[in-house]
Amino acid sequence: MTGTTDLKLEVTDVTKSFGNVTALRGATLSARAGEVTAIIGDNGAGKSTLIKCVSGYHAPDGGEIKVSGKPVHFGSPLDARHHGIETVYQDLALADQLSVWQNIYLNRELTAGPWPFRVTRRGAMRAKARELVGDLAVNVPEVTKTVMRLSGGQRQAVAISRAVMWSNEFVIMDEPTAALGLRETQQVEALIRRIVERGTSVLIISHNFEQVMRLSDQVWVMRGGRVVNGHRTAEVTGADLVAEVTGAAAEHF
Amino acid sequence: MTTTESPRKEASSVSSNDESSRGTLARVLTSQEFWTRAAAPVALAVAFVAFSIAAPNFFTAVNINGMLADAAIPILLAVGMTFAVMLAGIDLSQASTLAFASVLFGIAYGAGWGLLLSFLVAVAVGVGVGVLNGFFVGIVRIPDMISTLGTMGLMMGLSLIISRGIPEPVSDPVLRTIASDSLGPFRWNFLIVLMIVIVLHVLLTHTPLGTHLLAVGDSMDASKAMGLRVSRIKIIGYVIAGLMAGLAAVALILYVGSTQPAANTDYVLKAVAATVLGGTSLFGGRATVWGPALGALLLTVLQTGMIMIGVEAFYEQAVIGIVVLAAATLMRGRK
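Here the protein sequences come in this chain order: R and F. The numbering of the first sequence is numbering that gives the first Met the number 0, which starts it at 0 and goes up by one. The numbering of the second sequence is numbering that gives the first Met the number 0, which starts it at 0 and goes up by one.
What the hints contain is simulated information worked out from the structure, not anything from laboratory work. Computed from a predicted structure; not experimentally measured. Possibly wrong hints are sitting among the right ones.
[What the hints assert, rightly or not] Negatives, chain F to chain R, calculated, CB over 10 angstroms:
id, residue
1, Pro142
2, Leu157
3, Ile165
4, Asp180
5, Val201
6, Gly209
7, Met225
8, Gly226
9, Leu227
10, Gly284
11, Met307
12, Val310
[As the list claims (entries may be wrong)] Reference excerpt, derived from the structure (chain R facing chain F, CB under 10 angstroms, subset only):
id, residue
13, Arg80
14, Asp90
15, Leu97
16, Pro113
17, Leu181
18, Gln185
19, Glu188
20, Ala189
[What the hints assert, rightly or not] Taking lysine to any residue and the SDA-like style, the derived pairs with C-alpha atoms no more than 20 angstroms apart in a straight line are:
id, chain 1, residue 1, chain 2, residue 2
21, R, Lys144, F, Glu32
22, R, Lys144, R, Ser166
23, R, Lys144, F, Pro142
24, F, Lys223, R, His81
25, R, Lys127, R, Asp90
26, R, Lys69, R, Asp5
27, F, Lys223, R, Asp90
28, R, Lys144, F, Val27
29, R, Lys127, R, Val137
30, F, Lys223, R, Ser166
31, R, Lys127, R, Pro115
32, F, Lys223, R, Lys69
33, F, Lys223, F, Pro142
34, F, Lys223, R, Trp165
35, R, Lys144, F, Thr204
Glycine is no exception: its CB is placed at the ideal position from the N, C-alpha and C atoms.
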């Protein structure tokens, strides 16, 4: 079960600095296929920088990233995408005035005809987007709506559906429920469970300890640009995690 | 019990239905979304009816065809401007690009290069200025106002330097045909412009590029995250704006029969006015091609109608200015 072949992602000793600021001081973690892996940590712990390295947004200064056992070097988010890694950014990266289906297909439009007479297959894209959203993001009413008319939870569901549409292998989510109310958080968590059931591996950043306990199979704790500890979620309590995140473990336990 | 209650229920449900449908209509009529789409066609219809009543010669085939032909240049500039505005930008250089393109067209034509090559020279000027604008906006990252203000000055100066400010007459049989002959009820120059509008409409609504232009105008961050090449897309938008200015130069030459070295900055005001009237969001990300085309037509109708009811031509600028402010207020939108 725990052989390297089961590891979807292996991050080893990754470092990253921005000018004088060192964001990652050698972060090491892994994510198993078919699981939800969570990263928790305080603001400035390096969580976002780490996943931006994995999603190809930043190039790491040092260390190694392996996807399905193979070392990779991402120059851009497109490179990561070609390796089956999709990212749902915290700001969701949606164009508000475009419709749901246009956002799902943005930069990956279905087209017909030879260049320069290549036209988009609007009907086909709408139908496929409707099918996907109907399967996954049940809270999204209609794919022809512009994104700006959707609620926060619906927007999140669109962004996650888009990621799943293009990769059923590995989806990274940065604080997927940070801006949501209780009900919408539940909807998005249900969506995350659904995509894991479909066989997608998920790496999630969260501030929300309860959510991490509810959703994840594995949790990594980051502090000061390092991954300081990792647990099977079933073997740890929320209180333990709080202590590790704040660095209070030594004093309190 | 039931007999006494049911009619009341029905009555109340009927009245609430009635209310809600009236509510929906009222909501549509007061919604910003409706007016961004409908402002230009509704205003055009109102202006048409009003001028038809006020001026006896307004609603005649001759006058309508004349107005459509007059609208050719404003429509070209307006739809071109739209491609800059949908990127959350603006192209202030259009009028001087037009002037410079017309000067070089005149020189090429005068040197015996023939109509087609001269036409290509004008087109190349438009594309070239567009590339320059796109380069400064998209790659050097100077704000669009400043970039296009700079190219505006540059092109204005170049066309005056090269031409010494003197218009060159251009008399070509093909151009005369396009300017004055008709196919069916419509003049050629209007029909050609109509075709260009249709092509750009298809480009915007039925190609990946169209969606990408709107996406970049809506959110640079989202576009980058989705792997769009934002700088390249911005350059393309400004190239379309410049290209339309180049084509407008040819339209102007066949319209007035000579080059026009002095930039007529009215054109930029009109193009922006038509773009806003056409429901284009000044914050980028939302646009149609037909909207600004109708907006430009509306401005031409206003201009002609005012002259026909005896308003002094001096009022025209002020009216367009008011129209811009009113339209922009009506559609200030959110972002």
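Unmet hints by their number, sorted upward, for this structure: 5, 6, 7, 8, 9, 10, 16, 17, 18, 19, 20, 22, 23, 25, 31 and 32
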